[in-house]
Amino acid sequence: MEDALDGVNGLTRRGEDEKRRRRGEHVASISLRGIEKRYGGVSVVKRLDLEIADGEFVVLVGPSGCGKSTTLRMIAGLETISAGDLLIDGKRENEVVPGDRDLAMVFQSYALYPHMSVRENIAFGLVVRRLDAATIATRVDDAAAMLGLQDLLDRKPKQLSGGQRQRVAMARAVVRRPRAFLFDEPLSNLDAKLRMEVRSEIASLRRRFGTTTVYVTHDQVEAMTLADRVVVLQGGVAQQVGSPLQVYRQPANRFVATFLGTPTMNVVPATVLGAPPAGAVDLGVRPHDVRAADTSSPSPDGVVSLGAMTVEHLERLGQESFVFGHIGDQRFGALVDEDAAARLAHGATVTLSARADRLCFFAAGGARVAG
Amino acid sequence: MSRALLARALLALGVLASFLAGPASAEDGAPAAVDAAAPIDAGLAAAAEDTRPEVVLWHAYRADEAAVIDEIVADVNARARDLRIKVLAVPYDAYLDKITAAIPRGRGPDLFIAAHDRIGDWAEASTIQSVDDLVDPQTASSFVPGLLPAVLYKGHVYGLPLAFKSVALWRNTRLAPEAPATLDALVEQAKLQTKKDGDTSSYGLVYENRDLYYHAPLLFGLGGRLFADDGRPALDDPANVASIDRALAIVGLGVVPQEVSGTLTISLFNDDKAAFIITGPWSRGEIATTVPFAVSALPDVVDGAGVRRPMRPLLTVEALFLSGRTETRELALRVARLLSDDERSAQRMKRALQPVARAATWARLDGDGLGIAPADAAILRGFRAQLDNAVSTPNTPAMKALWGPFNLALGETMGQGTPAATTLKAAQEKLQGVLAEVDKSGQPAQGGADFAVVVVGLCVALIAWMVGATRKAGGARALVRDARDNAVAYAYVTPALLGTGVLVLLPFAVGVGMGFYRHAWGRYTFVGLDNFVAILTGADASFFRTLGVTVLWTASNVFLHVTIGVFLALVLSQARLRFRAVYRVLFIVPWAVPSYITALIWKGMFHPEFGAMNALLGTLGFSWMNNFWSAFAANLITNTWLGFPFMMVTALGGLTAIPKDLYEAAALDGAGPWKRFTSITLPLLRPTLAPAIILGTVWTFNVFNVIYLVSGGAPGGQTDILVTEAFRWAFERGQGGAFGLAAAYSTLIFLMLLAYNTAASRVTKAMRADA
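Order-wise, the sequence lines are chains A and B.
Residue numbers are given in the numbering used here: position 132 of the first sequence equals residue 132, and the series is strictly consecutive.
Start counting at 1 in the second sequence, then tack on 371, and there's your number in the numbering used here.
Just chain B, same shape as in the assembly (with noise of 0.2 Å):
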């Protein structure tokens, strides 16, 4: 029985195995994979003691904020008879897929505290239910006005206000006394703060004008909507079209920088380099100490007709919700009214220097003064003042796919100078086309197969034809007598078989599947081959551009490893060289850091002003991301530092196996340094490079970290590659993700490279036998 054949056969006993084990462990029958909150739910319950009923609050807050919300369950539970809270803090990254992915199966908190702005989701997929009785016209008139509209959708209450938070302009003190009233205004105030001179620049505003969230004052105090009244899309709206020339027109005066992220704008305002910034309550621990600053309502903006209107930024209300599966309704709302009292209102304002929901709290602050600082005291009024010219963003569905398009658009006019109508119109129409393709993912099921099925099924047909293979070398009965004569054998790899067929089979049949369905809000629906259709036959062809862009990512990538590699490789085996050990080991550390961090590195360097990379060229103010060549060329060379390493060490251990004598040889028949390489090293390098290099060029097609962390595939989506592409689909497009579409293009993705390495196999065993 060869090798090959008890590898498949142990594989297919794995997956069987593994599918015995499986339905025990979902109750509901999904795929347990899915199910990422059932640890934390299992380690609640086992953690309580006393018998009073529980009501689970989560939150994502951090520092004084999560702080204060403990104080306030501790008090709680301290008194409360008849129930406790159990409150646990989750990580912001993690927390609404966690709420979207626990709820919907029966699990998760009873309440939680998120922005308002996924309620159309949440409520069409009944991840949260309405809380109607809770809000009388009483309860209503208590919140700061504009606050309540932000939690309706569909003429419903669903949540409990409990603060806001909006941008606003933060101005030091130092280099701007006084808050401007207008826009103009502020650009004046702004040019004298300017001064450009290398590392020392400073700049009189600086905002990520890149970003539609940071635009939007601009944008609504211009007249401008993302939605028209119908609730259709209206990105191309003129009066946006003329926000973002406006934005661009401040740019052209270079009072703004380039390319802004919220680590810069912070950094360089506390470096007293940023006399404005536009930013939230969330940066106030950051900024240091040593920095005077103030903040206040953003100033009005007049519009090319001569009107004159306030900068109105987006408004997000922290809210808190009622699980749509609570079995404890009437004590969670309960606690929900505790939470959003006047006096737990006043603490969290007080604790935390929350911009609070309810309009008592405000007036005390303003009364007694709560105890808080003068200064504290200041900043807060400033963002009260924002509120009412604040714009409640919008909590349907579609604002969720609003966000790409419209920043795609805006980075590629501030990036590349393309007129707005352009882009905005481009905007628009991609924005529809999601919104179409999302909007089918939102059609009942009308029949086909159960997705369960599909499941099992796919899995059963590896496991036949893994057993299939068996059959060529004697059939399952030979295997079972296989089995019966090494069982100690097939026992110490069980192991290794189960966690192989849960943690590879099972999920590579979840994904295959779930190319056959579109799936939203927790429902499948079959579709048969609809999702390649739509990708293969898409009107702009983005899958064969983006296509190319992956094999141009992938040849080029794997050409600089392999040279840059072999080149250091052959460089270090020279016996001559001192100092190996250490260079080898300095040139492994690429290879040692996270790839994520070198990625993150790599983006800084590339900053247009404050990038080593142009600080190096003498090229500072040139932007990388603006043009495709220059933004590939980033991702190209980030992952080359990536990945040389790899292949350096794959040729170091190639190099030591071709024996000494030969070079000789071929040095007393006359061959010089070159003819030796070309005619000894690489010809006796192929069979060992030539599995790394088929590794690498899957790694390479299959790069995540590098094209979403440094590119982010700007320019407007050119430099994405098919799995950033299909990352984009699933998470960041509509409502629930297009995860059909997604795993359609994951399916394709491992097709083609199947294809690939099936080829480049056969060559490689050709060369093997050759040699």
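Okay, chain A solo, but in the shape it has when bound (with noise of 0.2 Å):
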């Protein structure tokens, strides 16, 4: 399954590149090689090696503090890299200063320029590398009907909304028609509701452009939704880089694992007796790949009972429901069907099984061994 849909987004990615070629505008590959950020004595990025090909959409995914904006920072020149190479178009762009990299960023805070109108806001890069008017105002006016500004391009940045100024932002970045996008947590000062909206409106941005887009968030649900493929950052190292469902699906470690998925995968110590992978190890489950059961009933084949739970907790989310308990010390949730939540109350038992393909097994070190 994973392929299919990794096929479905590298199917829309190839077209879009196409047709950008066509249109004789530029897409650039980057690559990290062994970068490295310190301040001080403190790395805070690791020896990151990445390659992002052309109209590639990698997110950065990962807690606070674990490097990702840094690292974007880094590829935008906001930053110095303090060992390795940043290549932009196979060309090393360490030492060049951001203006002559022609990326776009979108900030966190959007940075817009307070006392400019929004026409201006839009404008500022095209007026700085001097292109004619009569090209800023078609771009201007493209740029704006894009993404609905036509009636606020008058407006001073203050007058607008929270979304509305998101808007702006990708707007500026857009009417560059930049090598590359570069996107800091660009929803996390947004509503839910809203922000769902605006990454619909980034998901269609990037379906029209096939610009290669660097995303950074610790928002997992952008990630999956977005990327074409997901580096997952902890401590300044990268702990896996692939396709959302790789991540999700095949976690290079217990970290990942965790991180990803809501709600979060249960770990629990276990034994496997045969082989491999033999002996003590973590075995982790998601919760949507445990179904809890109020009566019980032999188990088909390809799946493993894990016991049974009292339940403590059950969260009816309407499309699905979700009961957690303790199995032993060891802290369970799992998905039960709409009939047995209904029946079910506080402290009754029910019993739990998963798919045995669905399981992972982590080593000691928290690397993932099997399943």
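Some hints could be false.
Claimed, not checked - Among chain A residues calculated to face chain B with C-beta under 10 Å, some are: (1) R73; (2) G77; (3) D100; (4) D102; (5) A104; (6) L112; (7) A173; (8) R176; (9) P178; (10) L190; (11) A192; (12) L194; (13) M196; (14) V198.
For the record, the hints were derived by calculation from the structure and aren't laboratory data.
We put the CB at the ideal spot given by N, CA and C, even for glycine.
Hey, can you piece these two chains together into the complex? The hints should help.
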């Protein structure tokens, strides 16, 4: 299934690249080779290697302080690179000033120029590059139309709502037709509903332009929905690079497994009898893959029973419901069907089972060993 | 109710309250603020314990001279049964103003010691009264000849001479063993002692040759005069012209340094770098003990026609004056007689080395020596010898007005080489103009509104304006309701309100009101708009010239303050800069030092021969103050030094408020450092800087210290700005000061700044709405 999904994204991308090339526009590949960032003696990004293909949408995701924004800022040229090489289109650009990298960035705070109108904000990058007035006007109008800003062009940023400001920030990036877009947590200042709207807007922009994009977020939903590839970072180190489904289904280690997915993956100590991976391991299984039943029925083939659990907490999300409780001293979460959920009460006992092919095993160091 | 409205309403209340309190504190209804002597008087009364009637004596002596007065008074108080003397030493700088302000209001001393040259002013204003009955023929003959005439005014004796002072010739006996007999001989000797070599330059003769007081010996020696026989000024007398030409010729020989001050005179003399100096007995205490010196009478001078006369300095007689308002006349006269008698005279000479007024004391000096060291006795004799050739400083009111124009002429000829005939003619015209203007002040009142009425009227108008403003927001009823609802808040702000009313609003009303009056000797004469008309239609259009200089001064200052301030703020806001905190403190230092100290330091640095600026620029000898542009530049540099820290601090605050990511966004948009500065920094600093620029403009427009202390208006008043010009009208021209004219000047300045402020605030408001 993941291959299929990958295939859809990939197909779209390749088609758009083709279109762009035909229009004579340029998309860039970005290579990070052993990139490091140190402040004094502290390394915040450690020997990061990453190849971003032309037109690819890569999301850097991770908890606060994992080095994702720093990496993005090094690509933008806003931070110096302590070690390693940054190649854009195969050319080393470590020392190239931001303005000459031809990248556009959307900031978390939007960074709109407060004293300029929306039109001036969008046009600024073009004015600086001394394009002729007619071209500027056309491009600004196009970008404004694309993002639904036509009626707001003469307003000042402070007269706009959060979502409108975000769209101006995007228009400012789009209008430049840069080699790549860089997004630094662009949705984190928006409320949940707006966030979804703007997310789909970003997705449609990305479909339309096919421009190489590096997107930083701590929100796994954004990562899963937007990315061609996801880079999960922790402590300045890339834990895993892969398609959204890969990192979700085949997490490289316990950190990736627990960072992605809601509710969090159940991880319990276990002993595997037989081989491999024989011996003491951690067993991981996502709550979505665990079925809770209040009636015991024989397990079909390929399904393993996990034992009985007393329900401590029930979360009914409308579409689906989860039960939470403990088996022994291990906390567990499991999907429960609606009928059962309606019957279950606090203190009820349920039996848990999971598909064997959904189980993950982690070695003592956290690395996934099988499953 | 808006906050602005509340503020205005509170201000109105405060003013009202201050008025209710006002008349109670000033008995004669005169504004309390003018009454400088009151606290001192009260203090004296409180301290009085014994029941003997008291005679209050004021003086401005310091050191030995003050000590001997204290000794004498202590002695008298210990012995006298029916009186006691209360003595008060007033700092010299405030002394004359205190006397002029206190006595006409029935306060101040019964007796005071002062120089005789103000007699005319004081006698006209009844500040002092004649003491004819004290000076019988016998007493008259007890004084050293030449002193009594100095205290005569309109045929009456107004003071009892105590001591006399004039300049004389001091020489370093190591460099100049013999006193020269003639000026030519002095110059010849001076030539030998003059060596020009940067820091180690030494000069044959050092004196303040741009000051009439020090130039006077040459002027009188060559037969010059200040007033004609009919009492009218005679500044352009040919002999005066010749005297300045002669002084200029001596400067031309290079034996006299440029732009000499009293401090410089003494410091060169103490460093063995001046063979001869011209100064008075007051310098005695400042001469280093390592310098062997002698004092003698100034030499003779031979004029163009071959006539030889002695150089004749101006003579000042220190005398005891009887207050015009004393209630203990007889007692005070007894004290005066006592203080000036032979015994006390000897005591003053012996203890304070004072050249005293009694002839008998001098006889004793020549006889038993009074126990005075021979070297000190020789100095005293030097001044005594000089007295025989001294010219008593005229004690008429016109003399006070003469100094300014004459010194301007002297400075212009000495500094720029303008022919003395030209500058003295201009000085003569200027003095006549000033005297005519000041004379009008003395004319008796001819009806018209009473000053207090006008001031009260102005205050009422101001309050009405403020209350009028409240009407727009719901009227007086709303104000009352608001006061009731927020009684506690009003109570808290009341003290500040009262302070504002008394310290700001009332003086403001007094100042504006004064513009419609002529004021002299405590009399106010209503003249309507005459003062304003006189300023705006003055024949020489000096107001508009000064206004032009003021505008140029303000614009160039503010431009430099902002440019330098913003530049330094940009440098200091660089995160990469090390020791930022240290630099920040260092750059604020000019702001932290009192501005007059800074101004005096810079003044020293602009000295042509000893200043750091010329040493640095390699232009030793270049006189900054001889030319409008260089004098203006000197003022400008000083004030820029004082002014940039404020703009820097303001800009630093503004810069920290600009989000960093705007610069990052601009950098990614391809904007270089300059484009980022013009497109981001400047526009976003503007709302912060605009109020600072408005403030800075107002402050600079009214900068007094720098102009007054650095260039002093030089050359010839050209670098004066409106506020220093107003000051000169009030305090430097004519008797009692042309306060009305000065007040009108100030009102005009206020109106200009008000117009500027209104316009600028409107622009700022628009800018803020825009941002």
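Here is how each hint holds up against the structure:
Evaluation of the R73/A hint against chain B yields a held restraint, the C-beta minimum of about 8 Å falling below 10 Å. Of the supplied interface hints, the one on G77/A holds, with its beta-carbon coming within about 8 Å of a beta-carbon of chain B, less than 10 Å. Hint on D100/A holds. Least Cβ distance to chain B is approximately 7 Å, under the 10 Å limit. About 8 Å separates the beta-carbon of D102/A from the nearest beta-carbon of chain B, less than 10 Å, and the hint is met.
With a least beta-carbon distance of about 7 Å to chain B, the hint placing A104/A at the interface is held under the 10 Å criterion. A cut of 10 Å between beta carbons decides the hint on L112/A: the least distance to chain B is about 8 Å, and the hint holds. Checking A173/A against chain B: minimum C-beta separation of about 9 Å stays under 10 Å; hint holds. With a cut of 10 Å, the hint placing R176/A at the interface with chain B holds, because the nearest CB-to-CB distance is about 7 Å.
Here the hint on P178/A is kept, as its CB sits about 9 Å from the closest CB of chain B, short of 10 Å. The interface hint given for L190/A is violated, since its Cβ lies 17 Å from the closest Cβ of chain B, which is over the 10 Å cut-off. Checking A192/A against chain B: minimum C-beta separation of about 24 Å lies over 10 Å; hint violated. Against a cut-off of 10 Å between C-beta atoms, the interface hint on L194/A is violated, since the closest Cβ of chain B lies about 21 Å away.
Because the closest C-beta pair between M196/A and chain B is about 25 Å apart, greater than 10 Å, the hint is violated. Interface restraint check for V198/A: the shortest CB-CB distance to chain B comes to about 18 Å, outside 10 Å, so the restraint is violated.
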